[in-house]
Amino acid sequence: MRLRSRAARRAGLNVLGVLVALVTLFPILWMVSTAFKPAREIYSLTPHLLPSHPTLGNFRSVIDGKVIGLPYWNFLKNSLFVTLSSVIASMLISLLAAIAVARFRFRLRTSYLIMLLIVQMLPQQAMVIALFLDFRSIGLLDNLAGLILVYTAFSIPVTIWMLRSFVAAVPREMEEAAAIDGAGPMRIFWRIMLPLVAPGLVATSVFAFIFAWNEFIFALTFLGTDTAKYTLPIYVTYFYGRGTVDWGSIMASSTLFTLPVLVFFLIVQRRMTNGLMAGAVKG
Amino acid sequence: MRQRTAAFIRRRRLTPYALLLPSAIAIGLLLFWPTIQIAEFSLQNYGLPQVTGVSPTQWVGGANFSSILADPEFWLSLRISLVFAAVVVPLTLLTGTLVGLLLNRLGPKMAAFVSSAAMLAWATPAVSASVIFIWLSDPDGGVVDWALAKMPSWLGGGAHWAGFSWTNAPLPAYTLLTLLVVWQGFPFVAVSVLAGLKTIPGELHESARVDGGGAWRIFWRVTYPLLKPIFLVLLLLSIIWDFGVFTQAYLITGELGNRDEYNLGIYVYDRAFTMPPSYGIGSALALILTVILLIITIGYVRASVRQGAVQ
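Residue numbers (the working numbering), protein chains in the order written: chain D, 8 to 290; chain A, 7 to 317.
Please keep in mind that the hints were generated in silico from the structure rather than gathered at the bench. We put the beta carbon where it would ideally sit given N, CA and C, even for glycine. One should not assume that every hint holds.
What the hints assert, rightly or not - Not the full set, but computed from the structure, chain D residues with beta-carbon under 8 angstroms of chain A:
hint, residue
1, 35
2, 61
3, 111
4, 126
5, 131
6, 132
7, 134
8, 167
9, 196
10, 197
11, 228
Okay, chain D solo, but in the shape it has when bound (with noise of 0.2 angstroms):
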């Protein structure tokens, strides 16, 4: 009797969790589906969760760029270029901060972790004004490096609190033992450092791609009329609200430009969501 109220009780809770997790996906579901459905499909009467005529032509028309006059490519390959640039640059220099707060004690060490925290919360509306005009004088708008400097330069202080973690779980035994078999700094980094805080690398830099995969507002300020320019989420708003509407096209458009993020993600979800709770909440 006990046992079967239990039964129970875990299949109503394993109904809920499916539950919640169509609930959640379903905005994500609507939007690949949408963007392989045909106008007559999208505009219909009674939506269809899945599209009875599957079609490509959405797709066709945002890679051939038919409504911004340039191919799709051209927007991917600024996107990746800002992206891949600022993530390098990122994991460089804050995996060498990250080394000295976790391995070092120092005067200040507690007064950087601190303003690291704080200058994560400066609001991004706030600094584009500023920004925008110091990058107006020295040339930087309309120019992917000046998005390269400010995605760098935001994402540090997460990145280095999310590596410190990792670079603190490497045991010191091992950078000891090696010291005393006679390494030096460099090759301890090289050997025993860099070999361990691979894995916690690839988490943190997967925060750096998406935080400057997906964002928006520099990228609006300082990209202004040189359409060429664009990354991928200026792109996608281009689409919307210049006349006419054409939902395939923003969801094929929005498709290409989210389904990325969301395999990178899923694969190292569980390392990088411990490494944010590390920056973020203390557990």
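For this one, chain D is given, so just place chain A on it according to the hints.
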């Protein structure tokens, strides 16, 4: 030999600072310096003639601030931001906590599936999420109006929902924005609460149950006090994120132009950049926004320090 040791110690003492230098330069130039500039511009008449060099910038004292305080649009945007945070933050925390408690009672495989699904909503770019929600609620072909029109009238449904526009008036637009921000925000809360629950020893719940506590009682007597520090941090983070939310609000209220739908974040942006630009007023507003967020941030930092995050 002694000299070499001394040199080594000196080198070692400088090493951490050398390692911090690149990050300090980046943060100093691109985060600190702009903040100082905002404070400076907020006291100047910085507009189009000053940017183009037609006329020089002048110090205007507190003139920008007094014109802001006299502007009803500022108070409206501030009120919208406050009410929005007051609604969205509790909703996000409540939904997240309930899902976190559910995750804790599911089997490991099921929990991994549900939390991965939820975190996908969190990882969805703000731009995509906004565009998706605008499409879901579109008056022509959107699935929300269709479903509401199909619902029985005692659930609030009915034919009058067909063709309802969610983005043309402040209340519907912010209802949509609330759903969107809760959808993107609750997974982080759920996963954090789950991580906290995992640290509570099972015996505590067992003994509370043996003592005859119901689920409600156990939550308030055992779970909540132990997770209180986590809730505090999540509360402060949610306030910071939701108070100034920009991208989603910007897209859902139809980019710029619907001035009665501005929250403080959009109002800052609009005053600074909409033609004719007024960087002085924009900076003064930006400074107000920054100060409000910094006050909450100090609470967040104190909560983190008390939890021993900075060790």
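Hint check:
{"no.": "1", "hint": "35", "in the structure": "holds, 6 angstroms"}
{"no.": "2", "hint": "61", "in the structure": "violated, 17 angstroms"}
{"no.": "3", "hint": "111", "in the structure": "holds, 4 angstroms"}
{"no.": "4", "hint": "126", "in the structure": "holds, 5 angstroms"}
{"no.": "5", "hint": "131", "in the structure": "holds, 7 angstroms"}
{"no.": "6", "hint": "132", "in the structure": "holds, 5 angstroms"}
{"no.": "7", "hint": "134", "in the structure": "holds, 5 angstroms"}
{"no.": "8", "hint": "167", "in the structure": "holds, 6 angstroms"}
{"no.": "9", "hint": "196", "in the structure": "violated, 11 angstroms"}
{"no.": "10", "hint": "197", "in the structure": "violated, 16 angstroms"}
{"no.": "11", "hint": "228", "in the structure": "holds, 7 angstroms"}
Taken one by one, the earlier hints fail for this structure at numbers 2, 9, 10, listed in ascending order.
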